[in-house]
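A.B. asks: Chains as they are written, first to last, in the working numbering: chain C, 1 to 124; chain P, 125 to 248; chain L, 249 to 372.
Treat the hints with care, as some may be off.
With a straight-line Cα cutoff of 25 angstroms, these simulated SDA-like cross-link-like pairs (lysine to any residue) come out [said to hold, decoys possible]: (1) C:LYS102 x C:ILE116; (2) C:LYS102 x P:LYS226; (3) C:LYS102 x P:ILE147; (4) P:LYS226 x L:ARG277; (5) P:LYS226 x L:ARG275; (6) C:LYS102 x C:ALA112; (7) L:LYS350 x C:MET24; (8) C:LYS102 x P:ALA160; (9) P:LYS226 x P:TYR142; (10) P:LYS226 x P:ILE211; (11) C:LYS102 x P:ILE211; (12) C:LYS102 x P:ARG153; (13) L:LYS350 x L:LEU261; (14) L:LYS350 x C:ALA36; (15) P:LYS226 x L:ILE268; (16) L:LYS350 x C:VAL25; (17) L:LYS350 x C:GLY26; (18) C:LYS102 x C:TYR18; (19) P:LYS226 x P:PRO167.
Residues from chain P that face chain L, not an exhaustive set, calculated with beta carbons under 10 angstroms [unchecked claim]: (20) THR155; (21) VAL158; (22) ALA160; (23) THR164; (24) ARG171; (25) ARG174; (26) ALA189; (27) THR245.
Derived from the structure by calculation, the hints contain no laboratory data.
Backbone N, C-alpha and C fix where the C-beta goes; we use that ideal spot for every residue, glycine too.
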Amino acid sequence: MGTYHELEMITVLALLEYTILGIMVGRARQTYGVEAPATTGNPDFERYFRVHENTLEALIVFIPAVWIFALEVNYHFAVALGALFLIARIIYASGYLSAANKRSAGALATAAINAILLLGTMIG
Amino acid sequence: MGTYHELEMITVLALLEYTILGIMVGRARQTYGVEAPATTGNPDFERYFRVHENTLEALIVFIPAVWIFALEVNYHFAVALGALFLIARIIYASGYLSAANKRSAGALATAAINAILLLGTMIG
Amino acid sequence: MGTYHELEMITVLALLEYTILGIMVGRARQTYGVEAPATTGNPDFERYFRVHENTLEALIVFIPAVWIFALEVNYHFAVALGALFLIARIIYASGYLSAANKRSAGALATAAINAILLLGTMIG
Numbered sequence: 001m002g003t004y005h006e007l008e009m010i011t012v013l014a015l016l017e018y019t020i021l022g023i024m025v026g027r028a029r030q031t032y033g034v035e036a037p038a039t040t041g042n043p044d045f046e047r048y049f050r051v052h053e054n055t056l057e058a059l060i061v062f063i064p065a066v067w068i069f070a071l072e073v074n075y076h077f078a079v080a081l082g083a084l085f086l087i088a089r090i091i092y093a094s095g096y097l098s099a100a101n102k103r104s105a106g107a108l109a110t111a112a113i114n115a116i117l118l119l120g121t122m123i124g
Numbered sequence: 125m126g127t128y129h130e131l132e133m134i135t136v137l138a139l140l141e142y143t144i145l146g147i148m149v150g151r152a153r154q155t156y157g158v159e160a161p162a163t164t165g166n167p168d169f170e171r172y173f174r175v176h177e178n179t180l181e182a183l184i185v186f187i188p189a190v191w192i193f194a195l196e197v198n199y200h201f202a203v204a205l206g207a208l209f210l211i212a213r214i215i216y217a218s219g220y221l222s223a224a225n226k227r228s229a230g231a232l233a234t235a236a237i238n239a240i241l242l243l244g245t246m247i248g
Numbered sequence: 249m250g251t252y253h254e255l256e257m258i259t260v261l262a263l264l265e266y267t268i269l270g271i272m273v274g275r276a277r278q279t280y281g282v283e284a285p286a287t288t289g290n291p292d293f294e295r296y297f298r299v300h301e302n303t304l305e306a307l308i309v310f311i312p313a314v315w316i317f318a319l320e321v322n323y324h325f326a327v328a329l330g331a332l333f334l335i336a337r338i339i340y341a342s343g344y345l346s347a348a349n350k351r352s353a354g355a356l357a358t359a360a361i362n363a364i365l366l367l368g369t370m371i372g
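Build out the structure end to end from the sequences listed, making use of the hints.
C.D. replies: So this is what it looks like as structure tokens:
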């Protein structure tokens, strides 16, 4: 697998981003006094929770799709889209955590990247 | 990977189904007036939300399991089970979105497919 | 793929654990009278629900990370960490299902395993 180092690194970095967002949910539990097992009841906590969950919802598509795209369409384009995914998630998280109505730009960027990966593989 | 085209296509189609279900959640937010970050409060919206989430819960099992089954047990049987998974998710979504108590058939079909993939690999 | 049998088995066992936790959510729905699509309203049910969801949140990291670690760092160490992941999830589930404040040990063990997989790959 020595030839796939860049895409392995993109995958690991995407999972690290997601892990950091999960740690932020744990801290938000304490900040806003939302005790487990509750995940609702405080809109500020809920934004942290949804940022993490939405990133999970994006990763289940991104990880298989970026690898199939890399193998079947174009490896270097897959790595470039993967780098954009990492950036799109930072835009999404920082937007959503500042205000719920500022989540659209990062969400659309993520959706566009995943759509290119899926549709690009179907056409290719 | 040229020999795995059918299973790559099944994987991409399953992720496309899931993406469409996610777009339907976004539309249901507007239809039923459920503003982010809330995911509860309107049972009609919650059915759209749960269809999407339950499909995520199924995909985390299906994707690794269908590939390991394909490599270790039987590739063509894996592709056939994959095609059934795509259909089972349509049955599940259309049932659940018509009424919460009509979700069982599609849910059981999905569970059966994933169980065959997991137990088939353990026996094989 | 004949050389990866142990790690395939770890992956399948992790998905089986997760499937069993999902079946327990279905039973808890009936025990505590929480009708779909609701996932909140009864704290006892919510603990079952969160055990399942949190395991999904862990698996999206664990599965890609343990495979990349196996390929790039050390296969046998990956299998050993995978076996610990299976145990950590049992500790987490049995702790959390007995009381919400007993979820920390299993959660920390899971987080530590996933962190070793991700950071070990980045360093290696």
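A.B. asks: Name the hints, by number, that the structure is in violation of.
C.D. replies: 2, 11, 20, 21, 22
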